[in-house]
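Peer 1: The task is simple: from the sequences and hints, build the whole structure.
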Amino acid sequence: MKLEMGYINIHDIQFSNESKVENGVLYVDQDAVKKLVLEDENIKSVTLDIAHPGESVRITPVKDVIEPRVKVEGPGGIFPGVIAKVDTVGSGKTYALKGMAVVTAGKIVGFQEGIIDMSGPGADYTPFSKLHNLVMVCEPVEGLAQHDYERAVRFAGFKVAVYLGELARNLTPDETKVFETYGVKEGIEKFPNLPRVAYVHMLQSQGLLHDTYVYGVDAKRTLTTILNPTEVMDGAIVSGNCVSACDKNTTYHHLNNPVVHDLFEQHGKTLNYVCNIITNENVYLADKQRSSDWSAKLCRLLDLDGVIVSQEGFGNPDTDLIMNTKKIEAVGVKTTIITDEYAGQDGKSQSLADADPAADAVVTGGNANMVIHLPKMDKVIGMLDYVDVIAGGHEGSLKEDGTIEAELQVITGATNEMGFNKLSAR
Amino acid sequence: MSFRVVHYINQFFAQIGGEEMAHVAPEKREGPVGPGAALNTAWKGEAEVVTTIICGDSYFAEHEKDAKEQILAWVKELNPDLFIAGPAFNAGRYGYACANICKAVQDELGIKVLTGMYEENPGADLKEKVLMVATTNSAAGMRKAAPTMAALALKLMKGEELGASCEDGYMPNGVRRNFFEKERGSTRAVKMLLNKLAGKPFTTEYPMPSFDRVPPNPAVKDLSKATIALCTSGGIVPKGNPDHIESSSASHYGEYDITGVMDLTSDKYETAHGGYDPVYANEDPDRVLPVDVMRDLEKEGKIGKLHNLFYTTVGNGTAVASAKKFAAEYAQKLLSAGVDAVIMTST
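Going down the list, the sequences are from chains W and B.
Residue 407 in my numbering sits at position 407 of the first sequence; the count goes up by one each step and never skips.
Residue 171 in my numbering sits at position 171 of the second sequence; the count goes up by one each step and never skips.
Treat each hint with caution, since some may be false.
[Said to hold, decoys possible] No more than 20 Å apart at the CA atoms, straight line, and that leaves these computed lysine to any residue pairs for SDA-like:
{"#": "1", "chain 1": "B", "residue 1": "Lys-196", "chain 2": "W", "residue 2": "Thr-270"}
{"#": "2", "chain 1": "W", "residue 1": "Lys-348", "chain 2": "B", "residue 2": "Ser-251"}
{"#": "3", "chain 1": "W", "residue 1": "Lys-334", "chain 2": "B", "residue 2": "Thr-203"}
{"#": "4", "chain 1": "W", "residue 1": "Lys-348", "chain 2": "W", "residue 2": "Asp-303"}
{"#": "5", "chain 1": "W", "residue 1": "Lys-348", "chain 2": "B", "residue 2": "Gly-199"}
{"#": "6", "chain 1": "W", "residue 1": "Lys-326", "chain 2": "B", "residue 2": "Glu-128"}
{"#": "7", "chain 1": "B", "residue 1": "Lys-196", "chain 2": "W", "residue 2": "Gly-183"}
{"#": "8", "chain 1": "W", "residue 1": "Lys-297", "chain 2": "W", "residue 2": "Val-141"}
{"#": "9", "chain 1": "W", "residue 1": "Lys-334", "chain 2": "B", "residue 2": "Gly-199"}
{"#": "10", "chain 1": "B", "residue 1": "Lys-196", "chain 2": "W", "residue 2": "Asp-303"}
{"#": "11", "chain 1": "B", "residue 1": "Lys-191", "chain 2": "W", "residue 2": "Glu-265"}
[To be verified] Selected chain W positions facing chain B (in silico; Cβ < 8 Å):
{"#": "12", "residue": "Leu-263"}
{"#": "13", "residue": "Leu-302"}
{"#": "14", "residue": "Asn-367"}
[Unchecked claim] With beta-carbon atoms standing in for the labels, derived distance ranges:
{"#": "15", "chain 1": "W", "residue 1": "Lys-399", "chain 2": "B", "residue 2": "Gly-260", "range": "37 to 43 Å"}
{"#": "16", "chain 1": "B", "residue 1": "Phe-179", "chain 2": "W", "residue 2": "Met-383", "range": "31 to 37 Å"}
{"#": "17", "chain 1": "W", "residue 1": "Glu-22", "chain 2": "B", "residue 2": "Asp-243", "range": "55 to 61 Å"}
{"#": "18", "chain 1": "W", "residue 1": "Thr-47", "chain 2": "B", "residue 2": "Glu-119", "range": "53 to 59 Å"}
{"#": "19", "chain 1": "W", "residue 1": "Val-371", "chain 2": "B", "residue 2": "Pro-147", "range": "28 to 34 Å"}
{"#": "20", "chain 1": "W", "residue 1": "Lys-2", "chain 2": "B", "residue 2": "Gly-163", "range": "40 to 46 Å"}
{"#": "21", "chain 1": "B", "residue 1": "Pro-201", "chain 2": "W", "residue 2": "Glu-175", "range": "34 to 40 Å"}
{"#": "22", "chain 1": "B", "residue 1": "Gly-163", "chain 2": "W", "residue 2": "Lys-269", "range": "48 to 54 Å"}
{"#": "23", "chain 1": "B", "residue 1": "Gly-163", "chain 2": "W", "residue 2": "Val-184", "range": "53 to 59 Å"}
These are calculated hints, taken from the structure and not from any lab test.
Remember, it's a predicted structure, so these values are computed and weren't measured experimentally.
Using N, Cα and C, we set each Cβ at its ideal position, and we do this for glycine too.
Peer 2: Next up, the structure:
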């Protein structure tokens, strides 16, 4: 399957009376976007704001981050089974607005959303401080249950991202890149001497607002299966998560999955990138056993030499990570895993909730319990009401002077387990 | 004014002699001797070795108590800003002496210490107690070891925060520290996998600990006479979370009385847990802490009784060490209250 990605660099976002992309500037018609969001009767109101890199701005509580894209050629559309029809995506041509994102915010569960600081020490830990962000703070109608609120905000974000992506349809990309993987036999013939490598992508599916969707299907109701790596670039996987902000994979992460991109960098040179294997992180033991059995089974069936396993979340999913690793190594396929750590504020605790000697090649995104101090920002987009109870915060996290003392957990994307960042620990 | 350092070395590095002179008792000399000169050079005047203490390796091993006593007395009197020992490379008894004299100075005099040796030196067993720079296995590595030790020593004397072990060159000491790598995690993972596939050496960023698995106790013989307690990491607390248990990375647990409580209702109880959609738990907290069902079993005589206290915390992102500490404490309370069994619920 072959996909051509066209990148359109955005270096500014401005409100305007017409939505368009011109000379690298995204102009946004606020009324048109609001109208789109308010189509959903569960959303009472939406406030739009723009945050630029380097500004003294704090965005919180952040739910999701989404990169606008548009399918220009080939079957299907962006976010298949969610916004577009369910056709298989990942081939043809897709354009992406680079350097910007749509950020959805709102106090959905209060403690399961995160913070993005656009400057200061907090900005070093989140990749989203480097983007021009169109922030949508969505307020629910009265009495709306949290899971309905979550769904409403999730869809609002995707709709707006698709609306903005559509503005790029007739533009000429600043940069173009082609990604292609092959059928099993074709790949072996093409690269007879290269190790066969796949990406075992674990999807958060603990339920109760810890959910991921694949072509619109709730991942906790899926069996371990195979994707072409390019499918994720068209939004085959989206986030429906409200979990600790530091290691949840936002939709932006899924679209720009760094493991996929780095495996493509080596594809045909040092390795043969076969496919992605997606597997869930359900809470029931039977599900864990079945899903990890199937990961190992598919690795063996595909005659792989090695895999990279990435995790999402922590604690309970640590068991899925270790089960996958153990079983995949046991069928003779070598693993490298990406995780993060909860080693306590003093760094002295055991970092994962499970362990096994088979997991001998680990990449870490850092200790999420590390305490950070965030200065006051001139402007807050969203609300600070939840800083004390946010996962990683504590009673008194938000000081009277507007500064915040909390664990790194509170920062969106800080210890990402797809290996999106440079942060690590020893 | 520069920082004052006392340096500990063995008879070999003091050029007294090799194995045949390993019996020499401790002596002290003013200024640097042997490798101390390399440290002084690296410090460029910011710190200097004021005194060197020399002790034969066999003497230290065979008269450890006397050697320590003498050396501690000297160091106490000199009261330096730092006590540095070695580096010992792969010399076993020298490494043992460096590690142990450092530990004594640190523990008994409260003076900052640093040593260096090869990671497989027996002295490195103390790497979680004493800060140690990892060196090569032979003295040929002095050229590299001295500047690393000097830089780390200066950091300690200035009271600066340590970097991660791989940045500052010390052996992993059980304290995980964050730092920024040069490449993103996914790139590091691909490289690590390629090395692993090619049979080349690679270094894991997180060595797996030996995992603490607890075998379950034998089953309770007669439930109808047993006192059963409910405990949870699902965060059920009295409404308003009176003890402010954190929604994640909990620093403490709560103990609450349910004498006479037949059912946990949403007007009196809720969850403090930040790791899941709380709607269903808040609607009916029995879903996480099943007091209602336990009361039924109590009435039916299937269990002796439900213990009048329950213990609760939030499991979300809470360090294993914290969880272990909480449980060790309330397990004692349960034991002394005569509780026979516990039902532990998660979320």
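Peer 1: Are the hints correct? Go through all of them and say.
Peer 2: Here's how the hints hold up against the structure:
no. : hint                                 : verdict
1   : Lys-196(B) to Thr-270(W)             : holds, 13 Å
2   : Lys-348(W) to Ser-251(B)             : holds, 14 Å
3   : Lys-334(W) to Thr-203(B)             : holds, 15 Å
4   : Lys-348(W) to Asp-303(W)             : violated, 40 Å
5   : Lys-348(W) to Gly-199(B)             : violated, 32 Å
6   : Lys-326(W) to Glu-128(B)             : violated, 29 Å
7   : Lys-196(B) to Gly-183(W)             : violated, 25 Å
8   : Lys-297(W) to Val-141(W)             : violated, 47 Å
9   : Lys-334(W) to Gly-199(B)             : holds, 11 Å
10  : Lys-196(B) to Asp-303(W)             : holds, 17 Å
11  : Lys-191(B) to Glu-265(W)             : holds, 11 Å
12  : Leu-263                              : holds, 6 Å
13  : Leu-302                              : violated, 15 Å
14  : Asn-367                              : holds, 5 Å
15  : Lys-399(W) to Gly-260(B): 37 to 43 Å : holds, 41 Å
16  : Phe-179(B) to Met-383(W): 31 to 37 Å : holds, 33 Å
17  : Glu-22(W) to Asp-243(B): 55 to 61 Å  : holds, 57 Å
18  : Thr-47(W) to Glu-119(B): 53 to 59 Å  : holds, 56 Å
19  : Val-371(W) to Pro-147(B): 28 to 34 Å : holds, 31 Å
20  : Lys-2(W) to Gly-163(B): 40 to 46 Å   : holds, 44 Å
21  : Pro-201(B) to Glu-175(W): 34 to 40 Å : holds, 37 Å
22  : Gly-163(B) to Lys-269(W): 48 to 54 Å : violated, 34 Å
23  : Gly-163(B) to Val-184(W): 53 to 59 Å : violated, 46 Å
Against the hints set out earlier in the document, violations occur for numbers 4, 5, 6, 7, 8, 13, 22 and 23.
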